[in-house]
Amino acid sequence: MSETNGKGSATPLLDELEKGDWPSFVTQIKEMAADGNEQCQQLLELLERSYREKIGHWKHGGIVGVHGYGGGVIGRYNDLPEEFPAIAHFHTLRVNMPTGWFYTSEVLRKICDIWDEHGSGLTNMHGSTGDIILLGTTTDELEPTFQALSEADFDLGGSGSDVRTPSACVGPARCEWACYDTLDLCNDLTQTFQDELHRPAFPYKFKFKCSGCPNDCVASIARSDMSIIGTWRDDIRIDQDEVRAYAEGGMNIERDICGNCPTKCMAWDGNELEIDNSNCVKCMHCINAMPKALRPGVDTGATILLGAKAPIVQGAQLSSVLIPFIKLEPPYQEIKDLAERIWDFWGEHGKNRERVGELMQRVGLGNFLEAIEVEPLPEMIAAPRDNPYVFYEEYYEEEDEEAEEEEPAAVP
Amino acid sequence: MSETNGKGSATPLLDELEKGDWPSFVTQIKEMAADGNEQCQQLLELLERSYREKIGHWKHGGIVGVHGYGGGVIGRYNDLPEEFPAIAHFHTLRVNMPTGWFYTSEVLRKICDIWDEHGSGLTNMHGSTGDIILLGTTTDELEPTFQALSEADFDLGGSGSDVRTPSACVGPARCEWACYDTLDLCNDLTQTFQDELHRPAFPYKFKFKCSGCPNDCVASIARSDMSIIGTWRDDIRIDQDEVRAYAEGGMNIERDICGNCPTKCMAWDGNELEIDNSNCVKCMHCINAMPKALRPGVDTGATILLGAKAPIVQGAQLSSVLIPFIKLEPPYQEIKDLAERIWDFWGEHGKNRERVGELMQRVGLGNFLEAIEVEPLPEMIAAPRDNPYVFYEEYYEEEDEEAEEEEPAAVP
Amino acid sequence: MDTQRRTDFGPPDFRRFLPPVIKDNYGKWKYHEILKPGVMVHVGEGGDKLFTVRAGSPRLLGTKRIRKYAELADKYCGGHLRFTSRHNVEFLLTDEANIDPLIKDLHDLGHPVGGIGPAISSIVHTQGWVHCHSAATDASGVVKAVMDDLHEYFDGTKQIPGKLRIALACCLNMCGAVHCSDIAILGVHRRPPKVQQGLNKVCEIPNVIAACPTAAIRPSTVDGNPSVEIDESLCMFCANCFSVCPALPMADALNDGVSIWVGGKVSNARSEPMFSKLAVPFIENEPPRWPTVVQAVRKIVEVWADGARPYERMGDFIERIGWPKFFKLTGIEFQKEHIDDYRYAGLSYKRSAQLRH
Amino acid sequence: MDTQRRTDFGPPDFRRFLPPVIKDNYGKWKYHEILKPGVMVHVGEGGDKLFTVRAGSPRLLGTKRIRKYAELADKYCGGHLRFTSRHNVEFLLTDEANIDPLIKDLHDLGHPVGGIGPAISSIVHTQGWVHCHSAATDASGVVKAVMDDLHEYFDGTKQIPGKLRIALACCLNMCGAVHCSDIAILGVHRRPPKVQQGLNKVCEIPNVIAACPTAAIRPSTVDGNPSVEIDESLCMFCANCFSVCPALPMADALNDGVSIWVGGKVSNARSEPMFSKLAVPFIENEPPRWPTVVQAVRKIVEVWADGARPYERMGDFIERIGWPKFFKLTGIEFQKEHIDDYRYAGLSYKRSAQLRH
Ligand code: SRM
Ligand code: SRM
Ligand code: SRM
Ligand code: SRM
Ligand code: SF4
Ligand code: SF4
Ligand code: SF4
Ligand code: SF4
Ligand code: SF4
Ligand code: SF4
Ligand code: SF4
Ligand code: SF4
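Protein chains in written order, with numbering that gives the first Met the number 0: chain B, 0 to 411; chain D, 0 to 411; chain F, 0 to 356; chain E, 0 to 356.
Quick caveat, the hints were computed from the structure, so don't treat them as lab data. Bear in mind that the values here come from a model prediction, so they are computed numbers and not experimental data. Do not take every clue at face value.
Computed spacing ranges between beta-carbons, pair by pair [stated by the list, open to error]:
#	chain 1	residue 1	chain 2	residue 2	range
1	E	N206	B	E372	31 to 39 Å
2	F	T156	D	E52	33 to 41 Å
3	E	K193	B	E37	30 to 38 Å
4	E	Q158	D	A266	23 to 31 Å
5	F	N206	E	D7	55 to 63 Å
6	B	P80	E	D7	28 to 36 Å
Positions of the beta carbon are idealized from the N, C-alpha and C atoms, including for glycine.
Using the sequences provided together with the hints, build the complete structure.
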């Protein structure tokens, strides 16, 4: 560690963050700085300065990137380039992770080799969107890094107003509850929308996330414009013997399982667990609690929800139901067509920096549905409107009284 | 009945509304028209015409009223005065009901006498706000009607941008659950705010409604700017014998009482009913269901809520909590002072036709509370904000670093 | 007309009209019981009993009928009676033996007795074509037709799981509890205001423009006179402009009609107060008996009466079974209009994967 | 650098990296069990077993550490490992006997094993002062300090009622699940942007003006050059203007800091997904170890751990006990700032008389 350069540590504040039981990011940077990695050394010192001054030292990036790609690189410059020249440029590359974040030791080492050669050697495994984040290199190393990555079969992720790297939960690879093949769909979408991912042409960013069941282990409903959440239509599979085993093991089925069911559609008589599946909302709770006894049904598919985003500009949103149930089988044409129709409308009517969820609210979900050719369904709403401010689009003129062709839309 | 004038009824459509089991308003008008009451006769015919044409025939009122009063009369003119001259003017007087809508036969007859002499003889017992509605007279009868009413001790109600006639549930007069004297408070407020009631000087209307308990039998939380809803702070009084009697009578206490408690703070073991009063939200359900066994506590008072209104202009609102608990004893000075402070702020900052609930939302509840000198409390909200858009009013300047007098409001 | 004109004296003190049994037991009632439909007894701490008989009233009353009420009060109640917050009339008796004779007289007069406990009470309603300039439908007529159909739920002939409150307002001003009723009938316009000539002579143009919540009204010039024009695509027919300016009439025989709303409530019992939500976006005005409205309301009542658990109000019932099921059971077609697009619209979208499939 | 440059080929197919046991049981897992903190087994329909060992990771990793992970994977898992959506590393084993040696090696390397089941998992977080221009606080440092304090909830030393997810974002852009986390730490600015000279040379003024959600930015002229001015009373420090225009810096050592939010969730289990709500409006930046933040988070965790029922997430717990009680138990002072005043504010007011007194 670089703590002793004669008169004590150069980074006394950061050193404090090497204490304690949780693995330390400072230790990570120091480990890398130890062999004379100038970028890491200067990053430590710059960070120490931020810790002292309580302020960051990074500036907006200019337009940097690799040839032919509009996104995938976050440009960064520090505001004290004379003092910290090795990280005067310190751009990040976003690299598509293998779907599900599966690696072999071999491919991981390959990535390390490339990044040791071309960049700081620092990474995030992974970024919030899911990419491999290669954290910090200079402008002239961007293209060589990309070349090396491409030889190792790794491509860039998104940034700016494009599709961002789709992500998926571990799904059928390791989870018994996956209601569709999250990994295959996610990989397929990523491959299908390469152009949209690499060449920003939307009003703003667009994220896909694929969760295999309503537990939503990739937080799709909170963090993706299109949230694809696995579910099922038929009955929960029950193994009554295993239910009894849980009860014997001390589980309070009445209180903790039935009592927590959101629709109270379960009944436990001490011997049999009964589920009124017509009122089950597929929340997963009972299945989560008794994985050996209960399983989702076999007529599985997904609910597609639209519009989640962070607060900027109009306020945060959760995704809301767009397609209550869809079967998801390759080549997934229906969902791809849907995305394209949404992008068409958004491209035409979205304002700069307006996410699709904000557009949907601005034009009204009803109009939005018309535009993307999806039928309105009561599943899309928590409740019908409670205000009487209805925008009827047509009305009868006096002349129409006889000739009733021009029928108003809403007469039932 | 006036159905036969030679060649059949003049009001064939309205006649249809004399059929059926529910008492008919048409019969009421006909009864009155029977003795040659021209106004009622023409009203019937005008209404028949509306029924035929599917459109109303009333126009905006001009400014009509009684001397010295700015409200209390709704001016009305029909749009076919030549055909219906007897009701060319047909103004409504709003008359303060006795609080709680209690009458004697004597005083009712007195009102009838006055109205037979000065108006159409038609009434609403009562209007939606609670007034006695004297339905229809001519401009020149307004003042004489008022004179006669005043001799009978009846005064006008409100209309326009003033306090409207406050109303109260039957309360302690007949209800065992009244947590304060709704009738006395309502009557007192009405008397105290006579000037505000009769001389519109607000940005818009202001309604008080007084319900003795959370059942809210005058719908105050939906229909009054200031909703005063009785409640209690101590424990629900339980008579366990009577609880058992209900159980024996066939009541499913577990399912229908405990199961419906919003906080599930009740437990029934087949013998004793236990209530965790610290978690009781005073919803009234259990008391409603078992009036012989349960009663509100004895440390009673009220919750004051603010801002209910119909949709026009910015959308309907329910009142929201302003004072979680207040003791209410004559002379009710605290609540009167509160109302005055609210009106002061509203008078100064309210826009034309902006209800106090809309103002509260426009300036923000936090700022509103500051202006009316009420401390913010977590009871006032369903949940804290979920968006990070906080308007801090102050910040440190660089010079302040040493001299810290100008402390930002929100540093905890 | 004479001497000193009295003003601002307020209503007569209610205490003058309370029957003796109430004066004696004021604030000292112990419990009550429902004895039969429309009849309840309140028992004082000391054992005094007050019997209440509640009768349905058309609310629009001629003085003749009011005098009849007074007669009955004299005959059975020492002259004491009251009205309720839903415009029923209540007779206040101390002699139990008077209950049945009173009920008989009320029936003879055409008044059903009921509305207490788990029942449909009278419909809170407004003026309609009888007196208001703003009405998009009649009030009393629709109410009469609907109550003719539902009176068995008032008089106890049919049992229901809990209280069901119906309200009607003839326009969006909603002079009543329409926005928080189990079932609400609401008169709606569906055509933008027609700008009348000479508007500038009767209305302040800036006020008119400011009145519109959606900024659909813009200044214009007609034949050299200042006036306004309406951007019809922005108009949602609230009639607030008409409220401030008579030269912008909204009523229109071809386009006016009625919408139906469900699931609102006021009381804090069990669930918190709730707004009513749109069930049927539009039904044409069908005077004199509004058959489509009557049928739609009955269907909704029946679906609730069949499916609700004891005490369960309409809104709680629908929340339990889910809106998709409500639409299915009632046969109401779900349309674009059901989806909110006003201020809080986003929060009404279904923001979870909790669905019945 | 040569021949044919490949583009748009996407990520390598994940199937290349799946261990054989997964290939064999893909989509055919039957159930899983948690064996001990940080260790679970998935059992296939045919009886195959896959053991997962999850280790906490700082997320910011040097290649040296990644190579160590690879070594461990070679040693125990046939070279197979994965990362999770919360940035932990998972080793995928088939030989149960390898579990404990692996855990020992991980511990030696400084990595706690845990985060599975009812536990606090790693904090999802963002760049902070390490890499972002927008940060109002550091990310990794706050996370390290908080997790040092909470690691017993990760490694199973302390039992908790259910999952508790913490997230941190260093500015309102919220690059993470901050808006839907059981506990969220959010960097906030509290001083309006400072307009820099020459703004018009780097930014499009109309874009800058359009960027502000509250219309706080107006055109102005400074020394004859077009620029903008900020109506400070309208600014709520969202920094959207800075995102579109570098000449409007927000960061400010004196006024930046951290806020804490609670009760959000993502899963559909039991309750629907929920937003996090404001708990502590503001805490100053206190590098290097943010003691006030650490204490505040711990207090909230403890209140929840003490009071929540099995499976009950933070938001459900608070909803059950009521917000007033939450403030009381945590000792957090309720302030004006807690009351929403943005777009949907009205709906966050308490619109019922259902209160605990
Ligand atoms: C690297 C990453 C954070 C991290 O440490 O992991 C990140 C970093 C930045 N985000 Fe983000 N965002 C990252 C995931 C997210 C997420 C989470 C997600 O994708 O699941 C969100 C919230 C979800 C969403 O999309 O709404 C997110 C919401 C934003 C926003 C606000 C967008 C909005 O509509 O509200 C901005 C602002 C913007 O776009 O101008 C933003 C902007 C930025 C910028 C580019 C800053 C800027 O204003 O230009 C950050 C660059 C930091 C840097 O120096 O590298 N970032 N950003 C994440 C991407 C890594 C990856 O590709 O895997
Ligand atoms: C008579 C009455 C209806 C009835 O048949 O009972 C009534 C009738 C009118 N109301 Fe009302 N309102 C009546 C109770 C209500 C209520 C209910 C209540 O007070 O509990 C409300 C809803 C609660 C509220 O205050 O928000 C109500 C909300 C309105 C509104 C919308 C106010 C708003 O802020 O949204 C208007 C429009 C206006 O003020 O311009 C309005 C306007 C009107 C006007 C004056 C029409 C107008 O635009 O000038 C109506 C006159 C009708 C007529 O021809 O007599 N009336 N009005 C009620 C008063 C009788 C009484 O004094 O007892
Ligand atoms: C007479 C009246 C008050 C008045 O001053 O006029 C009144 C009187 C009583 N109400 Fe009420 N309520 C009266 C209007 C209301 C209203 C207001 C309204 O309907 O516009 C409500 C709120 C309705 C809503 O939530 O939408 C109301 C919600 C209740 C409740 C709660 C019902 C619920 O389960 O949600 C109870 C408790 C109960 O019945 O179990 C109640 C209970 C009672 C009791 C039992 C109280 C008592 O101990 O005397 C009274 C007679 C029972 C009955 O009518 O079933 N009263 N009650 C009103 C009669 C109206 C009518 O003619 O039908
Ligand atoms: C590995 C991972 C998916 C991945 O592809 O990376 C995963 C894996 C599993 N999740 Fe998850 N979840 C993972 C992130 C999530 C997330 C997303 C997040 O935290 O950002 C959520 C939503 C969190 C939220 O609601 O805020 C999530 C909500 C759940 C739930 C629902 C918990 C609840 O009661 O609300 C379950 C069910 C349970 O644990 O009983 C679950 C259950 C599971 C199971 C048991 C599924 C299975 O049969 O394999 C897996 C391991 C259990 C565990 O970790 O306790 N997983 N899980 C993620 C591990 C993250 C980590 O390192 O800690
Ligand atoms: S979202 Fe469902 S299917 Fe996917 S990993 Fe989580 S629990 Fe399994
Ligand atoms: S999945 Fe959820 S809704 Fe369905 S039965 Fe289980 S607990 Fe109930
Ligand atoms: S509001 Fe309460 S106190 Fe008043 S009448 Fe109704 S139940 Fe009785
Ligand atoms: S009043 Fe309501 S909250 Fe209180 S114990 Fe009874 S049912 Fe529960
Ligand atoms: S609801 Fe509308 S039409 Fe009916 S009385 Fe009120 S203002 Fe008039
Ligand atoms: S009816 Fe309402 S929305 Fe239409 S123009 Fe008038 S004020 Fe505007
Ligand atoms: S949350 Fe803000 S400061 Fe942190 S990485 Fe994202 S954009 Fe940068
Ligand atoms: S920080 Fe946000 S609110 Fe303040 S001026 Fe910039 S864009 Fe507007």
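Comparing the hints with the structure gives:
{"no.": "1", "hint": "E/N206 to B/E372: 31 to 39 Å", "in the structure": "33 Å, holds"}
{"no.": "2", "hint": "F/T156 to D/E52: 33 to 41 Å", "in the structure": "37 Å, holds"}
{"no.": "3", "hint": "E/K193 to B/E37: 30 to 38 Å", "in the structure": "33 Å, holds"}
{"no.": "4", "hint": "E/Q158 to D/A266: 23 to 31 Å", "in the structure": "26 Å, holds"}
{"no.": "5", "hint": "F/N206 to E/D7: 55 to 63 Å", "in the structure": "60 Å, holds"}
{"no.": "6", "hint": "B/P80 to E/D7: 28 to 36 Å", "in the structure": "34 Å, holds"}
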